[in-house]
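> Residue numbers (my numbering), protein chains in the order written: chain U, 1 to 224; chain P, 1001 to 1277.
All clues given are correct.
Facing chain P, from chain U, some residues (calculated, C-beta under 10 Å): (1) Ser80; (2) Gly84; (3) Phe90; (4) Gly175; (5) Val185; (6) Gln190; (7) Phe193.
Worth flagging that the hints you see were computed from the coordinates, not collected in a lab. Backbone N, C-alpha and C fix where the C-beta goes; we use that ideal spot for every residue, glycine too.
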Amino acid sequence: MSADLLTEFARPELVAIVGLTLRVTGTALFIACLVGVPLGAMLGLVRFRGQRLVTLTLYTGMGLPPVVVGLFVYMLLSRSGPFGALQWLFTPAGMIVAQTIIAFPLVAALTMSAVAGVDRAVHAQVFALGASRVQNAWTVVREARVGVTAAIVAAFGAAISEVGAVMLVGGNVQGQTRVLTTAIVLFTRQGDFAMAMALGIVLIVIAFAANLLLLRLQGRLGER
Amino acid sequence: MAHLALFLAVAAFVHAAPPVLRLATTTSTEDSGLLAAILPAFEKACACRVDVIAVGTGQALEIARRGDADVVLVHSRIAEDQFVREHHARERRDVMYNDFVIVGPADDPARVASTALASDAFAGIARATATFVSRGDKSGTESAEKAVWAAAKISPAGAAWYRSLGQGMGETLVTANEQRAYTLADRGTWLSMRQRLPELRLLVGGATLADNRDPTLHNQYGVMAVNPDQHPGVNFALAGRFVDWLVSPATQRAIGEFGRQKFGQSLFYPNAARRER
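Given only the sequences and the hints, what does the whole structure look like? Please build it.
Structure representation (structure tokens):
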């Protein structure tokens, strides 16, 4: 079995699958952070009318089943749907859209919690020093960076491990839209458990590496 | 800002690429390895790329019905004729056939091994209340299975021994192997997976297609290019070329050859030359 498993890692297909997985999830995470971190920070810093509704929506978004997101994006990107002209269905671009929607609420909501959790005294102190609003916001976000990093890693984990959305929107096309999770489903379906296991191990190793990176970052940032 | 970022990230993927033909097909053509064996020749000839979306026949037709595939290769005659009647395709062409077989646990608790007709075997399974797993995914195989139950005048839905899985052929065979259950499978997928299914034996349908004594187990595959009048976005020219290529003598020969070396018999039998009945 173990020798079997080793030969599975030598399949060239595996490299392509891992590469696409990182490309899709990485891009989705990047977009989710670009929008989610500033929005989360804003929500954590400012009080405004309707804030509870926005918070509630984000928390609901955190629990959205990926397969429902997949169905929703499928309908939007289908040629019979409103964005059919883009021709993104069954392409990595469509998968990125789906995973961005999955990752975004996690990034925004957890950033919001981290920023809101920063001691109000820091706030007052910064203002007393005569900092501008933007400078103030930046200082508080920096103070919350451990929590923000945790938000990003949580979103990464959710996006890379989901199967429902990428299966529906990507279609699991060999060499084009086949990622780790959909490949595991396929090889299990074909009874090829050795390859499915090999891919599962790769997925776990990636998740482990991401968390290790987080811990190191947290350690370094925490010491300062 | 968000839109720009999304656009830039996605644009990175959209580089100059060859034309793409989107083929919605059944899991059996992909899982058996047939497409991997024959498609490279077409991709080379047309300087294009074929993206295979392998799902159940029901889902494949639904994808095409929304204009999200250029061509479909499926195996459910009733559903295909319906598809043509709705003008989603202008015509349907026969491509190839194989047959369905009944597989089950080696000790065969329902004693169906000597049965010639699938409907008699199903009646025996129902009488013995032996576990039967069904695809349950609106696939061509499930519609064939439903026809056999109807011929046996049994409606198994809801019975404790009848389990509707909602899964593909491979998963259903793996489940049957684990639960020591009976199921209806296409011969191609069965042959390509039997090494990994130690608990199961082929019980009804004979060792090869020629030995199958039940004509209702005939499993015909058809190909249809999606109608551009209904779905202007489809690549009709390339789809038409694909259909012509699939029914051409050379490809038909390649289909008939596929699997012979590995399994000692063909997994699919070409019959495009035969005119519509």
